[in-house]
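Per the UniProt record's numbering, the very first residue in the sequence shown carries number 1; after that it's consecutive.
There could be a bad hint or two in this list.
Simulated pairs of lysine to any residue, SDA-like, Cα-Cα distance not exceeding 25 Å [claimed, not checked]:
hint, residue 1, residue 2
1, K186, A103
2, K186, A145
3, K186, V82
4, K186, T144
5, K226, E245
6, K189, P146
7, K186, D153
8, K192, L11
9, K189, V82
10, K186, E33
11, K14, L38
12, K193, H17
13, K189, M163
14, K186, C19
15, K192, M1
16, K189, R159
Label pairs and their calculated CB-CB ranges [as the list claims (entries may be wrong)]:
hint, residue 1, residue 2, range
17, H110, P84, 29 to 39 Å
18, A151, G25, 18 to 28 Å
19, G218, V82, 22 to 32 Å
20, E245, Q15, 17 to 27 Å
21, A151, E85, 39 to 49 Å
Simulated from the structure, these hints should not be mistaken for lab results.
Here the structure is a predicted model, which means the values were calculated and not measured.
Heads up, the beta-carbon is just placed ideally off N, CA and C, and yes, glycines get one too.
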Amino acid sequence: MAVVFDRTQGLAEKQFHYCPGCTHGIIHRLVGEVLEELGVLGDAIGVAPVGCSVLAYDYFNCDMHEAAHGRAPAVATGIKRVLPEGVVFTYQGDGDLASIGTAEIIHAAHRGEKITTIFVNNAIYGMTGGQMAPTTLIGQKATTAPYGRDAVDTGMPLRMSEMLATIDGAVFVERTTVHNVAGIRKTKKAIKKAFEVQLAGLGFGIVEILSTCPTNWGITPVESLKWLEENMIPYYPLGNFRTPEEGK
């Protein structure tokens with residue numbers, strides 16, 4: 001009998017701890033599939049963040065390293081420079097990358113570090129209880145913004161992809177989504193391209209992926225998919241912001 005669907009060798013046989021409706025599991029699978037399809041699982045080294053995906057080292061079937069909050073790009077830089085033939089990636093959330101880790105990601109991109117970053121943006125702090133993140137939308141409620149985010153008090157949500165795309169060392173920058181099948185397919189394609197950029201030695205690559213957090217958004221998993229489409233995508237437009245050709 002022909003195998004139609006099978007577990008990727010890029011993931012370990014361990015049950016995820018994520019909340020129902022969380023799309024981290026989908027993104028994990030896409031990364032695992034790409035590493036397997038590129039034939040680099042034996043050379044891959046991932047750096048896990050602090051946040052909902054802090055246990056990513058249990059899920060990816062490759063060498064993994066845990067980093068302090070926000071410091072994954074710095075740790076990945078060290079690993080890549082010591083092991084330049086390694087395929088090094090960071091897997092980070094918006095609280096980790098866009099808040100405490102803003103300096104690390106900007107300077108890793110500025111130096112053109114030959115690493116790949118998977119950036120999961122669900123517009124809120126997930127693991128710590130739903131506090132407002134730099135990516136939280138205007139009017140969106142959080143435990144630290146019970147009446148909704150106010151631009152006068154806290155500024156506008158940070159668009160990381162647009163900012164990183166202005167840096168010469170960032171040769172591949174793309175924003176995608178996993179809230180529907182078409183988005184999932186495009187996300188896998190972008191992740192594969194980001195790793196190919198690293199394999200070609202061209203510089204820094206990042207894929208920002210819009211994700212859901214039904215638990216901290218206070219809605220059902222199905223409602224969260226619609227909320228992402230209607231609220232996040234208008235502010236965080238999908239698309240490629242920088243390609244290797246433009247980055248040379």
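We went through each hint and held it up to the structure:
Annotation: proposed proximity of K186 to A103 is violated, straight-line Cα distance about 28 Å (limit 25 Å). Proposed proximity of K186 and A145 is contradicted: the alpha carbons are some 33 Å apart, above 25 Å. Proposed proximity of K186 and V82 is contradicted: the alpha carbons are some 32 Å apart, above 25 Å. At most 25 Å may separate the alpha-carbon atoms for a hinted pair to count; K186 and T144 exceed this at roughly 34 Å.
Note on K226 and E245: the hinted pairing is violated, with a Cα-Cα distance of about 35 Å set against a maximum of 25 Å. For the given pair, K189 sits about 38 Å from P146 by alpha-carbon distance, which is inconsistent with the 25 Å threshold. Pair hint K186 plus D153 does not hold up; C-alpha atoms about 36 Å apart against a cutoff of 25 Å. In summary, the hint linking K192 to L11 is supported, as the alpha carbons are separated by about 16 Å, within the 25 Å threshold.
Taking the CA atoms of K189 and V82, the gap is about 29 Å. The hint is violated against a cut of 25 Å. For the suggested pair K186 and E33, the alpha carbons sit about 14 Å apart, so the restraint of at most 25 Å is met. As the CA atoms of K14 and L38 are separated by approximately 22 Å, the hinted pair is consistent with the 25 Å bound. For the hint linking K193 to H17, the alpha-carbon distance of about 28 Å lies beyond 25 Å, and the restraint is violated.
Of the pairs offered as hints, the one joining K189 and M163 holds, with about 22 Å between alpha carbons and a cut-off of 25 Å not exceeded. Pair hint K186 plus C19 holds up; C-alpha atoms about 24 Å apart against a cutoff of 25 Å. Straight-line distance between C-alpha atoms of K192 and M1 comes to about 29 Å, which puts the hinted pair past the 25 Å bound. The straight-line distance between the Cα atoms of K189 and R159 is roughly 22 Å, inside the 25 Å bound, and the hint therefore holds.
Between H110 and P84 the Cβ separation comes to about 19 Å, which falls outside the hinted range of 29 to 39 Å. Distance hint check: the CB atoms of A151 and G25 are about 33 Å apart, inconsistent with the given range 18 to 28 Å. Take G218 and V82: their Cβ atoms lie about 44 Å apart, and the range 22 to 32 Å is violated. Range check, E245 to Q15: Cβ separation about 41 Å, and the 17 to 27 Å hint is violated.
At about 46 Å, the beta-carbon gap between A151 and E85 stays in the expected band of 39 to 49 Å.
Hint check: violations occur at hints 1, 2, 3, 4, 5, 6, 7, 9, 12, 15, 17, 18, 19 and 20; the rest are consistent with the structure.
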